[in-house]
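Chemist: Now for the letters of each chain:
Number of protein chains: 2
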Amino acid sequence: MALRLDGKIIAQQLSKSLQNKVKELKTKNIFPTLCVIEVGEDPASTIYLRAKRNLAKKIGINEITIKFPSSVTEVELLQKIAELNRDPKINAIMVQLPLPEQINPLTIVKAIEPAKDADGFHPYNQGLAWQGASDILPATVRGILEILDYYKINVSGKNVLVIGRSLIVGKPIASQLLNRDATVTIAHSKTINLEQLTKQADLIISDVGKAHLITSEMIKKGAILVDVGMNREQGKLMGDIEYEECFEKAQAITPVPGGVGPLTVASLMKQVIILTEYQVDGR
Amino acid sequence: MALRLDGKIIAQQLSKSLQNKVKELKTKNIFPTLCVIEVGEDPASTIYLRAKRNLAKKIGINEITIKFPSSVTEVELLQKIAELNRDPKINAIMVQLPLPEQINPLTIVKAIEPAKDADGFHPYNQGLAWQGASDILPATVRGILEILDYYKINVSGKNVLVIGRSLIVGKPIASQLLNRDATVTIAHSKTINLEQLTKQADLIISDVGKAHLITSEMIKKGAILVDVGMNREQGKLMGDIEYEECFEKAQAITPVPGGVGPLTVASLMKQVIILTEYQVDGR
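Top to bottom, those sequences are chains H and E. Take the first sequence: its letter number 27 is residue 1134 in my numbering, and every next letter is one higher. Take the second sequence: its letter number 136 is residue 1243 in my numbering, and every next letter is one higher.
Same shape as in the complex, but just chain H (with noise of 0.2 Å):
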């Protein structure tokens, strides 16, 4: 029987503290402000920026979003990021992806001040983070790291294996993960021999996005599991990795919902706070 690692018991005391952080801040006449881009009207987007705007609102982030159509051309975008690098009010910006086909997001995050990069795609932040020199990091990793922290998983010398290569997840905490010591393995749709890699990994992170990818067959007894796969299968949501089977095999798991999920938005608020003390107390 695993233990069950509970992103919302996280997020809501991670968001507490973020609380109090604002709070303290504001005694300094610092008010951390997000400016969140939206381009056209993506479904899933609008439920996720909704969720932020929320958070914000209670931990006591200043959000501001600009919408644009999504006929906007890449040019009028730039021209919005680079007004908003020069704005001392801002402190933190982020573009929701995805984009409209005429828009290269690569071109879009490189656009971002590294110092305003809410996200942390931007490759400068990425490299830094290789070098083991930065903790500005894409919500999604800083989440994962967040549990890994608060459930007190060491991974040092471990076997970790990461499972898909996007630079929203599967690069960036594969880089923290060896800062950590780990022995990190990166697989992808390209690799032949999945299960052969899971039967060795002493931790799991799996960020493909396909139902019943993982099942208790495939892994070491005892594992760590960090499911961040967000699967609807006739209107249930499930992750990557088979949960009731594995939950008896494995020493550890996320739920999904309830596992990284919640703390994405929670750890997003903590990169706006981060970049606001920075641009406050230099880097």
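FYI, nobody ran anything at the bench for these hints, they're computed from the structure.
Copies of the same chain are indistinguishable here, so a pair counts whether it falls within one copy or spans any two.
Derived lysine-lysine pairs resembling DSSO-like cross-links, with alpha carbons at most 27 Å apart:
| hint | residue 1 | residue 2 |
| --- | --- | --- |
| 1 | 1306 | 1328 |
| 2 | 1265 | 1317 |
| 3 | 1130 | 1164 |
| 4 | 1196 | 1165 |
Could you slot chain E onto chain H? The hints should help.
Modeler: The following block gives chain E in isolation, referenced to the frame of chain H:
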């Protein structure tokens, strides 16, 4: 019996093609120029810098060395780098490592304009390389890729084990092999099951600096072995991999000396020319 992966031949061909490239650029009044900053007198660095100077001369690259005493301050170095960043006649800048204790190498590496980053150590370039969007790479990493390309070694779906996690070799070569669809494992000094990992690897890149680290019992039959280690034992230069015994079992292996080594300097020159062309053509 393995194929001997001959770095010397590739380095000669590469130098020849770079020579032609420089001739062509000179007809357009473009004179690729590398500025090397040398601090103090490290004997290994002196030998390496001489090799760089000689090859630059042969290829037709204008090489300028600026020497500082080992008592130089960080501020003095940063001022010189800022000046070189602004100088339109300088296409590429490198600071020879190691640096004296009073200087933080990461501070220096970050100060070089990414577009003039001959060594490919700048976090921005390393982040871009992880995002699959840069060909500004550390010389050793480019050298390894030159070997794989020359011998048409396809890594897609292969299990690649990178031993060592430096920002000069381990991490950036992992990024490039992941971009080429390999399943990549990064092992290091805290890894506890190295032998299990080496036995499963289709391709091993070793950058540890420990003679006799990898023996033939530790490798899979038919593995490809790339040895970046440089160890001196009783006056003899050798890599991390036991060459003679692994030669019998492997599919291909780089010798030390004569493998990756000769390609490092030639790859640096290729980087200088790539940077020069970016500066002329825009990127």
